[in-house]
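Guided by the hints, dock chain B onto chain A, whose structure is given.
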Amino acid sequence: MRTLTALGNEAYKGLLHAWSERLQILIELPFFALFVLLLGPLLGHGRQIAAGHVHWSLSSATTTVLVLWFVPFIFFYMQVVKLFWRLLAEIQTGTIEQVYLAPLPSWLVVAAGRIVAATVETVLVAGATYGIVSPFVPIHLHWTPAALVPAAAIMISGVGLSLIVAGATLVWKRIQLVNDTVLMLVMLFSAAAVPLIAVPAWWADTARAFPLTAGIASLNNLMLDHRSISQTWGTGGLVPLMVTAAGYLAAGILAFRLGDHTAKRRGSLARY
Amino acid sequence: MTVIVLPATSTPRLVGNETLKGLQLAWRRRALLTTFVLMNGITFLGIRLLIGGGHIVTPLLAVTLPALLAYAVAQTAAMQGSGGIAEEINGGTLAQSQLCPASPQRQVLGRLTALTVEGLATAVPLALVFTLGYGVHYRLRPDVLVPAALTVLDGLGYALLIIALTVRVVSIGAITHVFGMVIQFFAGSFVPITVFPHALQFAVKFVPTTLGVQALNTTLAGRGLSAAWANGTVPWLIVHAAVSLTLGWALYARTMRRARREGGL
Chain A
1 MRTLTALGNE
11 AYKGLLHAWS
21 ERLQILIELP
31 FFALFVLLLG
41 PLLGHGRQIA
51 AGHVHWSLSS
61 ATTTVLVLWF
71 VPFIFFYMQV
81 VKLFWRLLAE
91 IQTGTIEQVY
101 LAPLPSWLVV
111 AAGRIVAATV
121 ETVLVAGATY
131 GIVSPFVPIH
141 LHWTPAALVP
151 AAAIMISGVG
161 LSLIVAGATL
171 VWKRIQLVND
181 TVLMLVMLFS
191 AAAVPLIAVP
201 AWWADTARAF
211 PLTAGIASLN
221 NLMLDHRSIS
231 QTWGTGGLVP
241 LMVTAAGYLA
251 AGILAFRLGD
261 HTAKRRGSLA
271 RY
Chain B
1 MTVIVLPATS
11 TPRLVGNETL
21 KGLQLAWRRR
31 ALLTTFVLMN
41 GITFLGIRLL
51 IGGGHIVTPL
61 LAVTLPALLA
71 YAVAQTAAMQ
81 GSGGIAEEIN
91 GGTLAQSQLC
101 PASPQRQVLG
111 RLTALTVEGL
121 ATAVPLALVF
131 TLGYGVHYRL
141 RPDVLVPAAL
151 TVLDGLGYAL
161 LIIALTVRVV
171 SIGAITHVFG
181 MVIQFFAGSF
191 VPITVFPHAL
201 QFAVKFVPTT
211 LGVQALNTTL
221 AGRGLSAAWA
231 NGTVPWLIVH
241 AAVSLTLGWA
251 LYARTMRRAR
261 REGGL
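These protein sequence lines are chains A and B, in that order.
Letter by letter, the first sequence follows residues 1 to 272 in full-length UniProt numbering.
Letter by letter, the second sequence follows residues 1 to 265 in full-length UniProt numbering.
Keep in mind the hints are simulated off the structure, nothing from the lab.
Glycine residues also receive a C-beta, built at the ideal position from the N, C-alpha and C atoms.
Be a bit skeptical, because a hint or two may be false.
What follows is a list of derived Cβ distance ranges for each label pair [unchecked claim]:
| hint | chain 1 | residue 1 | chain 2 | residue 2 | range |
| --- | --- | --- | --- | --- | --- |
| 1 | B | Val129 | A | Asp205 | 19 to 27 Å |
| 2 | B | Arg257 | A | Leu23 | 17 to 25 Å |
| 3 | A | Leu58 | B | Val239 | 31 to 39 Å |
| 4 | A | Ala204 | B | Ala31 | 26 to 34 Å |
| 5 | A | Asp205 | B | Ala31 | 24 to 32 Å |
| 6 | B | Ala31 | A | Arg257 | 19 to 27 Å |
| 7 | A | Ala204 | B | Phe206 | 34 to 42 Å |
| 8 | A | Met242 | B | His137 | 44 to 52 Å |
| 9 | B | Pro59 | A | Ile132 | 28 to 36 Å |
| 10 | B | Gln98 | A | Val171 | 50 to 58 Å |
| 11 | B | Thr93 | A | Trp143 | 49 to 57 Å |
| 12 | B | Gly92 | A | Gly52 | 52 to 60 Å |
| 13 | A | Trp56 | B | Thr93 | 44 to 52 Å |
Within a straight-line C-alpha distance of at most 35 Å, the following computed DSBU-like cross-link-like pairs (lysine-lysine) qualify [claimed, not checked]:
| hint | chain 1 | residue 1 | chain 2 | residue 2 |
| --- | --- | --- | --- | --- |
| 14 | A | Lys264 | B | Lys21 |
| 15 | A | Lys173 | B | Lys21 |
| 16 | A | Lys264 | A | Lys173 |
Just chain A, with the same shape it has in the complex (with noise of 0.2 Å):
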């Protein structure tokens, strides 16, 4: 009961700053819309720009496809991004060690608030994000149960990331610039899941080791190619999704442990 008190607390507090970050949300969502709007004409059409030639229409099938690679993005960036800049805040202003005293796991503490938030900004953003694309091009997804698997994968290894930067700030604090690239290197190899260009060999097999290219693979396959969730192996399947996922909480909690461990031991858990 402690626990779950303890877990409620944090998911309410994680809540508040949500809501006192939602000018950012308001900066966010036109320009997440405008990206998925403006990258589709602008895809594996580089020899066309370097002439000066692009034709700006919008195709329904590219703008489906970016929507299912951008919105699981969406996610990863709020969880990593808030979870890093509120943890630093923490370590800033000494709060952090306060997390000590409660009786769950550090990790836990620091990961739990910051979940439920994201996830709620998340579905706002992502809503939002969907509303503004689709008049002007239809989107066709199909929508099925199934697909909250890969969506709660995506979600673990979210989790798992945010808790990796997470332990690395305890250690080396202003980290927000590898942070930044962090993300959109995620982002750039996650394009290996979808059916936009032909990535390189290298590229599609560095991707797999990405946290978010499984579970939009999968969602791919879901959601756009009609395939069953059952389907074991290949990019997408169940077990490289749920190895992806396990592996990077597994990770992240793991880092997460020696960052503080290590700011322990080094009397810097908070400020320096």
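Okay, now just chain B, sitting in the frame of chain A:
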């Protein structure tokens, strides 16, 4: 009544001290800065492969590289500036710095100087790697330095605005990430803005570094500064840089005054 006479502080010395502090902190984070440069290079390559359909289109790389460099300067300055002042606010040391007789604007000048060095330190290796690695041929003439310097100033104006907002807005860290993505996409590091639809081409001129990148591309293509001046890019760039620096300056003074008054330091 006891009168405490505050020691006179010369502006160059104060700015110098702040710059030195900023550079020392940057040097302490050199490994992270190196990682950022490396990952930014990989990201840029990834973007080029996405747009190129799995290939690097060298002419496109050449016209988008200046935008990457401008982004690296502006985003490094904004992120490190915002992170630095947030750290001081949360740690309580910003309030201590207000005990100094110098105005907050003079103090931020030193901070900006250090951020300029840090920003250029991320951009220069990227420029060298991509220019030499892909055999990109630019016509480097002394007049390139004019748009380059103005682009840096424009980026610093943006950074100053972010630093000013950090004192006031809770979620500025995450907002800066979004602004970073806006600069990356709309200032030309994905595709040159000349291929955007006309209405968008006009709108993106308000995005930090866009005008600078346009002017840089004109001069690097060998058309000379006069061409960039004649097509209106350089005059507007001067206006843009001046406005963003003035706005940032004024906003910083205002947010600091307000924070002092309301105890928000």
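The hints, checked one at a time:
1. B:Val129 to A:Asp205: 19 to 27 Å: 23 Å Cβ-Cβ, so the 19 to 27 Å window holds.
2. B:Arg257 to A:Leu23: 17 to 25 Å: Holds: the Cβ-Cβ distance is about 21 Å, inside 17 to 25 Å.
3. A:Leu58 to B:Val239: 31 to 39 Å: About 34 Å separates the Cβ atoms of Leu58 (chain A) and Val239 (chain B), which means 31 to 39 Å holds.
4. A:Ala204 to B:Ala31: 26 to 34 Å: holds, 30 Å
5. A:Asp205 to B:Ala31: 24 to 32 Å: Because 28 Å falls inside the window, the suggested range holds.
6. B:Ala31 to A:Arg257: 19 to 27 Å: holds, 22 Å
7. A:Ala204 to B:Phe206: 34 to 42 Å: The hinted range 34 to 42 Å holds for Ala204 (chain A) and Phe206 (chain B), with Cβ atoms some 38 Å apart.
8. A:Met242 to B:His137: 44 to 52 Å: holds, 50 Å
9. B:Pro59 to A:Ile132: 28 to 36 Å: Given about 33 Å between the Cβ atoms, the range holds.
10. B:Gln98 to A:Val171: 50 to 58 Å: Given about 31 Å between the Cβ atoms, the range is violated.
11. B:Thr93 to A:Trp143: 49 to 57 Å: holds, 52 Å
12. B:Gly92 to A:Gly52: 52 to 60 Å: Check passed, 54 Å falls within 52 to 60 Å.
13. A:Trp56 to B:Thr93: 44 to 52 Å: holds, 50 Å
14. A:Lys264 to B:Lys21: holds, 26 Å
15. A:Lys173 to B:Lys21: Since the Cα atoms of Lys173 (chain A) and Lys21 (chain B) sit roughly 17 Å apart, the hinted pair holds (cutoff 35 Å).
16. A:Lys264 to A:Lys173: holds, 14 Å
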